[in-house]
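Line by line, the protein sequences are chains X and Y. Each residue of the first sequence is one higher than the last, beginning at 1 in the numbering used here. Each residue of the second sequence is one higher than the last, beginning at 1 in the numbering used here.
Any given hint might turn out to be false.
Stated by the list, open to error - Computed beta-carbon distance windows for the label pairs:
(1) 231(X) - 532(Y): 12 to 22 angstroms
(2) 162(X) - 317(Y): 32 to 42 angstroms
(3) 133(X) - 252(Y): 52 to 62 angstroms
(4) 252(Y) - 161(X): 44 to 54 angstroms
Said to hold, decoys possible - Covered stretches of chain Y (in silico footprint by chain X; criterion: 3 or more residues with CB under 8 angstroms from a CB of chain X, positions within the stretch not fixed):
(5) 64-75
(6) 164-170
(7) 317-331
(8) 446-452
It is worth saying that the hints were derived from the structure and are not from the lab. Fair warning: this is a prediction, and the values are worked out from it, not measured in the lab. No residue lacks a Cβ here, since even glycine has one placed at the ideal position from N, Cα and C.
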Amino acid sequence: MKDYDSNSPKLNRRLVLRGAGGLMLGLPLLEGFLPRRAAAQSATRSPFVLFVVSDNGVVQAGVTLGGAPEVERFWPTATGTLTQASMLADKPTRSTGELADYAEKLLIVKGVNLPYGSNGCSHSAADAQILTAASITPGSTNCLATRESVDTAIAKAKNPPGRDPLVLHAGMFSPGGTGFDIPGYVSYVAPKQPRVYIDSPYKAYQAITGVVGDGSSASSADAQAQQLRAARSKSINDLLRPQIKDLLARPELSQSDIERLNQHLTAIRDIEVKMSTTPFKVPDADIASMSKWTRSPTIKATAKPPFDCTWS
Amino acid sequence: VPFAAVLGLSVGCTGFVNNDGSGPSGQPSPTPGNTGAAGAQAAGGSAGIDPYAVPPAAPASVLVAAPRLARLSRQQWSNAVRDLLKLADISDVDSGVAGDALIGFDNQADALYVTEQLRRQLADAAEKLADRVTSDADALARLVPPDAPADSAGRARAFVTSFGRRAFRRPLSDAEVSSHLALFEQGPSLYPNVDTFRAGVSLVIQALLQSPYFLYRTELGMGGAAGKVPLTDFEVSAKLAFALTNTMPDDELFAAAAAGQLHDPAGVAGQAKRLFDGPRGTAGVNNFNFQVYRLGTYDGITRDAAAFPEFTPNTPAALRAEALAFFDWVFTQGRGLKDFYTAPVGFVSSALAPLYGVASPAGDTPMRVELDPNQRSGLLTQAGFLSSYATGNDPDIIHRGVFIATRLLCLELPPPSPKATPLIELQPNMSNRERVELTTGKGTCGEACHAALFNPLGYAFENYDAIGKYRTTDHGKPVNAADAYTLDGTLRSFANGVELSHLLAETKQIHSCYVQNMMTYLHGRLLAPEEQPTVDYYARLSRAGRISLRDLELDIVTSEAFLNRLP
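Kindly produce the complete structure, drawing on both the sequences and the hints.
Okay, structure coming up:
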């Protein structure tokens, strides 16, 4: 990716994705991640917000692993305003120092330690609270946040309609649960409705940029094909919407049925025809690198500290 | 101690805030609270009443509030698309559709949504699948009725009527046929330079695959009787097919619905038995067991090749295949839940033979092998469960115990203590059990929780190493797998995992938990408290060895609660 981003002092995407091994990334605003050349026609880069969440994922003082207390290697040395200078000074001993270039845009929060308590869901209880600041559903076999998460709220306020936050879960993932067997979710579409993870950095990258391998410039034939595809989408959706509305009108439905159907109806959107004319190519090595991080037990071999403490 | 770290990269609210690890003031800190629901889950009954006695008849069926729309689960969608389009394999398209974010079974109607992301993926999948079918003359021919008229209009109507009926799992109304024919007729303009029929078929397939009548199974019923509304025959056929075979109804089930044969339990039972004996007769129950016993975790098991040379990259798939073959065997042999925990049977392929110390069969097909009953006793002594709960080199005593407590006994465990510490390092001449006992056993902060609620269940399986091989020594010391645990309200002692497995099989708790889970899965919703007597009845039957898994499933899908809804 460096070939089209090497001049950018901005956050290096590869670094972010690599650092996110075993983490969940929420990306409500995505244009900022577009490759520089692809976004070159835009006078200003759109803002974005990125949350990186990791269960027990930092090497910090106060944690004892392997029988010995950990040495602090993550948090800034002092609370208060972050500056590039202070973070650079921390860099030799603190991982967060790597983000010194973004000091003025960073908010680092420590000690968010199960503010609403755990209920036996262990890590999952923390996941449910961390971006929702909400209590969790009762019962040790149920661990869902009772409010939407902050990435959803931001996306609703700032994104164009229909553009949801992306949540990447990269790293080791245990199907069916973690810790006490309850899967952990950080992003919530609505109360008690977790958002589905994208399970591979490459899929996330595709979703962000729309790039599939060798991106190429749009020809007139491509444009016509896209127009036809949009027309087909519209014709089909024109058939689907009345079907959902007919179903919604059925008196037999429960409130839950209606809410789910309404969400479906809201999700039906015609294809927007927005053709990119800017060619760029994602190097094969980068695609291979991102693809191999599809969540798997082997992620421990590729994730780097401080994010190598993944699900267990 | 679980916690999460969060980094926010944004504008306007910046800096570094440290509250020293404490929560917001006024919020209670998590504490090791009660000791779980062991007592509540005990055999129950007042003094003098036999907690294991089986009543002469099942309690009256109770109808409870339930969703009237159930989106197909991720797997049901995949299977239904494959069967609807009569394709052998759709894995390339299937991989582009995400799963669901769920806690619980994969078919809980209340938790299945069509989100923006999923809607987009389903539209892409529909387009690719329609392209594939209409680009392949043979595939297209399979979807057009052989007796379709030759004229284009008649052929289009025949296709819409026939294929639409299978997609909606009920006949289309005249208005629905008309609206889809109208879409069909847009083919030439929306697919220029494509054969008119193929273009129309492609559009109709895409629309039907995205229709709510394909994506959701309905339980609207057909008006009705006092106190209950019978589901329509076609609703019953879909509910039955997805519950038992995890896919759409087959032709015979459609025919039975069309003939009005699914109004009464006898007709449904006949179809259920036919499905049980068919090629997908165990697909539903295997999907259920797959989730209960967490077979999905087997794929992620890796072991250090130097320490465990018998555990190869092929082993996880073999472990999964063994468990599925075992489920199949219990089900098709008419056996019951007790056999899950007592049958000294393995289904061994060449990859697993070294783990069980038996002669290696040729190939990857699991072959049934009688194992030493002093060493093996059902699922909990199979290498899959044992390997899935192990760290790199040692058995994971704690999580083996937690799995049995939560998944098999349906116990609710209290949250971990904030004072909990990681396990101490193994020292020379220290066994795996001693390590766990020193960290979480008696005299530690884990005494009330670990030592009482799940560690003993894990100790029982210390005769099996991190890949499920039988062992008598651990780190140079004799294995101690003995302990005691409260089952059905009584403290029961056991010498090892085989003894514990037999005790569990005689425990009402484990039967209640399984019946409750199976009813939850087959109904596709959480159970209501009013259904507890039904759970209790079948738990007693199952514990007494008087009902097979097959008959348990049959009874549930022919019950009033399955075939009717609350008005």
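Original post:
Can the region 317-331 of chain Y be counted as covered by chain X under the rule of three residues or more with Cβ-Cβ separation shorter than 8 angstroms?
Top reply: violated (count 0)
Original post:
Residue count check for the region 446-452 of chain Y against chain X: does it reach three with CB-CB under 8 angstroms?
Top reply: Contact hint for the region 446-452 of chain Y vs chain X: violated, 0 residues under 8 angstroms.
Subject >> Distance restraint evaluation - residue 231(X), residue 532(Y), Cβ atoms, bounds 12 to 22 angstroms >> reply: Between residue 231(X) and residue 532(Y), where Cβ atoms are some 55 angstroms apart, the hint is violated.
Original post:
That 32 to 42 angstroms hint for residue 162(X) and residue 317(Y) (C-beta), does it hold up?
Top reply: Distance hint for residue 162(X), residue 317(Y) holds at roughly 40 angstroms.
Original post:
Taking a Cβ-to-Cβ distance below 8 angstroms as contact, does the region 64-75 of chain Y have at least three residues touching chain X?
Top reply: Held - the region 64-75 of chain Y has 5 residues with a Cβ nearer than 8 angstroms to chain X, which meets the minimum of three.
Subject >> residue 252(Y) versus residue 161(X) beta-carbon gap, inside 44 to 54 angstroms or not >> reply: Holds, at about 46 angstroms.
**OP:** Count the residues of the region 164-170 of chain Y whose CB lies closer than 8 angstroms to any CB of chain X, then report whether that count reaches three.
**Re:** Contact hint for the region 164-170 of chain Y vs chain X: violated, 0 residues under 8 angstroms.
**OP:** Starting from the hint 52 to 62 angstroms, judge whether the C-beta atoms of residue 133(X) and residue 252(Y) obey it.
**Re:** 54 angstroms, holds
In the structure shown, a violation is registered for the earlier hints numbered 1, 6, 7, 8, in ascending order.
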